[in-house]
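Peer 1: Same order as they appear, the protein sequences are chains F and A. With the first letter of the first sequence counted as 1, position 46 gets the number 45 in numbering that gives the first Met the number 0; the numbers rise by one all the way through. With the first letter of the second sequence counted as 1, position 225 gets the number 224 in numbering that gives the first Met the number 0; the numbers rise by one all the way through.
Keep in mind that the hints were calculated from the coordinates and are not lab data. Note that the structure is predicted; figures quoted are calculated from it, not measured. Just to be clear, a hint being listed does not mean it is correct.
Stated by the list, open to error - Result set (DSS-like, lysine-lysine): computed pairs, CA atoms no more than 27 Å apart in a straight line:
#	chain 1	residue 1	chain 2	residue 2
1	A	LYS253	F	LYS151
2	F	LYS281	F	LYS149
3	F	LYS149	F	LYS109
4	F	LYS70	F	LYS13
5	F	LYS109	F	LYS151
6	F	LYS70	F	LYS109
7	F	LYS70	A	LYS253
8	A	LYS253	F	LYS13
9	A	LYS253	F	LYS69
10	F	LYS109	F	LYS13
11	A	LYS134	A	LYS37
Said to hold, decoys possible - Covered stretches of chain F, as calculated for chain A (at least 3 residues, CB under 8 Å):
#	region
12	48-58
13	94-103
Here a beta-carbon is modelled for each residue, glycine too, at the ideal position from N, C-alpha and C.
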Amino acid sequence: MITASNLTKRFNEKTAVDSLSFEMAAGEVLGFLGPNGAGKTTTMRMLTCYFPPTSGTATVAGYDIYNDSKKIRQNIGYLPELVPLHPEMTPREFVGFAAHAKGVAHGDRKRFVEEALGRCNLLQVADQLISQLSRGYRQRVGLAQAIVNKPKVLILDEPTVGLDPAQILDIRNLIRDIAQHSTVLLSTHILPEVEAICSRVIIISAGRIRALDTPENLTRSLSSNQRTLVELAGVEDEVAAEALATIEGVTSVGPSSPHHLWVDSPRDVDPRPEIARMVVEKGWKLLTLQSQSMKLEDIFLKVVTSENVTPTLTEPQEVGGAA
Amino acid sequence: MLAIFRRDLSAYFNSVTVWVLSAAYLFVAGLIFTLMTKNYVDSSMMGGMNGRTPNIMDELVLGYQWWLGFLMIFLLPMLTMRLLAEEKRIGTLELLFTYPVNEWEIVLAKFFASLLTVISMLALSCLPLVYLSGKTALDWRLVGSGYGGLVLMASTLVAIGLWASSLSASQVIAACITYGLAMMLWLMQLLDSFLPEKLTQGFGDDSKGIGTLGIMTHLESFARGNLSSHDIVYYLSLTLLFLFLTVRVLDSRKWRM
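Bound-form chain F, shown alone (with noise of 0.2 Å):
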């Protein structure tokens, strides 16, 4: 649905896209994942015919970007990050706009706009101005727009950026939804809603593809090693973390919170039947043994900052909140 070969952008002398090349199958989700600046929207841009890249090229539904520029825009539903809306208009009037300026024939269009409202959950709000909605319901009024001409490919810049949990869970439920009809690539940097949604991941950091992949394979090839968390009463910490470490394939143990230690390994090697067996011949209590996989967050860290955060050296929870 999506081919992008050696896409590069260029403002001056900074380069925002980075011969970026990617394939997107129809029906697929796809989520462009990476910090801000990470050239994100400028690549959205240039499938969605805002501005032509410096080099490289790139098809939409089958279409050039240079050649049937129009075709495509025709073809796509496109959601920008400000979620850009007249505040002076209805939804229904703003989402009946949209179709008609996408050539939505006049003899669909009624239906079609209220296909989407009614998609978006907007029909008890669909005439009161934009001006007077919530940050929720404005952003299903982008949403709606996007989907009114029922484009084949949607591109959605950051679409819950600035939403509540609630909200939040609702567009991502409404996007599921969506996806069930088109091909969606939508850019975030909210990491569990890639695990949340999409069937693959692109990781982009400073313009370039740093990993391309299911989040399930992107976990299993990127960590190294294997974590596995361990709760233990009757026994001071630093006396089981000696013990534990002697274990064979046990790489290094520390310290996670008072009682509780971390046991890393090689990912291949499980150490729980050791761990266990080693807590009931010292008589220990064992409270927790718990294997971890690691985060996407992990991951994403891992992939997009220069230094080599290894996992054994961070504690997840705190990473997910820096990220």
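Chain F is fixed; fit chain A onto it per the hints.
Peer 2: Just chain A now, with coordinates in the frame of chain F:
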């Protein structure tokens, strides 16, 4: 294109600013008309004593239309300043560029929406003349020609305003640039009296000098009915020039670094 035209037109007619501006325009125009009519009645009574009645077209209608044009210089920049600047500011312009419309369609849709708003204002300014025609005979062809000139002048001012509005996301800056250019075009005709004759007299015998660049100079030809093609060409070429420049400004996002 029709979608954008209709959206902008309804934005105009739903805007309080536009209604207030129109009301102010028509109020001042009506006031001027009243004063001029009183003047005309006075002078025709005096003229009647001398056995010479002044021509109503020359003395009243011409002056009224001159004022309608003059007031437009002050009114139109406020009407056009939001056209593109506001859409830039709230970001809807970015959205518009991703719809299947090209820059010319956007520019023309906004131009005609704005022009039609001005035309409906000018149509209302006709009412005193309709009233007058019940009292005395008017040369409607001349009135029509004068209004034709006003519409052409309006299209020039709208095109300038549209271009100014495309330059930044600030309506204030757009209005300032439009005022500056409109004033400059108006003052052109005064240059004739300041500059040395060599500069102000053009080439050839009957050609006029730099004063012909004045935006009000050409309006007079329309109102007097002795217009020539260069009056029309003057307004149309300025209009097209600024529409073209606006398209170029919108286009510039594609190559600007």
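Peer 1: For every hint, state whether the structure bears it out.
Peer 2: Each hint, compared with the structure:
1. Using a Cα cut-off of 27 Å, the hinted pair A/LYS253 and F/LYS151 holds, with the two alpha carbons roughly 25 Å apart.
2. Distance check on the hinted pair: F/LYS281 and F/LYS149 sit about 65 Å apart at the alpha-carbon level, beyond 27 Å; violated.
3. Between F/LYS149 and F/LYS109 the CA atoms are separated by roughly 13 Å; this keeps the pair inside 27 Å, and the hint holds.
4. Our distance criterion of 27 Å between C-alpha atoms is broken by F/LYS70 and F/LYS13, whose separation comes to about 30 Å.
5. At most 27 Å may separate the alpha-carbon atoms for a hinted pair to count; F/LYS109 and F/LYS151 meet this at roughly 20 Å.
6. Restraint check for F/LYS70 and F/LYS109: satisfied, since their Cα atoms lie roughly 22 Å apart, inside the 27 Å limit.
7. Among the hinted pairs, F/LYS70 with A/LYS253 is consistent with the structure: their alpha-carbon atoms are about 18 Å apart, no more than 27 Å.
8. This hinted pair checks out: A/LYS253 and F/LYS13 have alpha carbons roughly 16 Å apart, not beyond 27 Å.
9. The suggested pairing of A/LYS253 with F/LYS69 holds, with an alpha-carbon distance near 15 Å, which does not exceed 27 Å.
10. About 45 Å separates the Cα atoms of F/LYS109 and F/LYS13, which puts this hinted pair outside 27 Å; it is violated.
11. This hinted pair checks out: A/LYS134 and A/LYS37 have alpha carbons roughly 14 Å apart, not beyond 27 Å.
12. Counting residues of the region 48-58 of chain F whose beta carbon lies closer than 8 Å to any beta carbon of chain A gives 4, which reaches the threshold of three, so the coverage claim holds.
13. With a cut-off of 8 Å between beta carbons, the region 94-103 of chain F has 6 residues touching chain A; three or more are needed, and the interface restraint holds.
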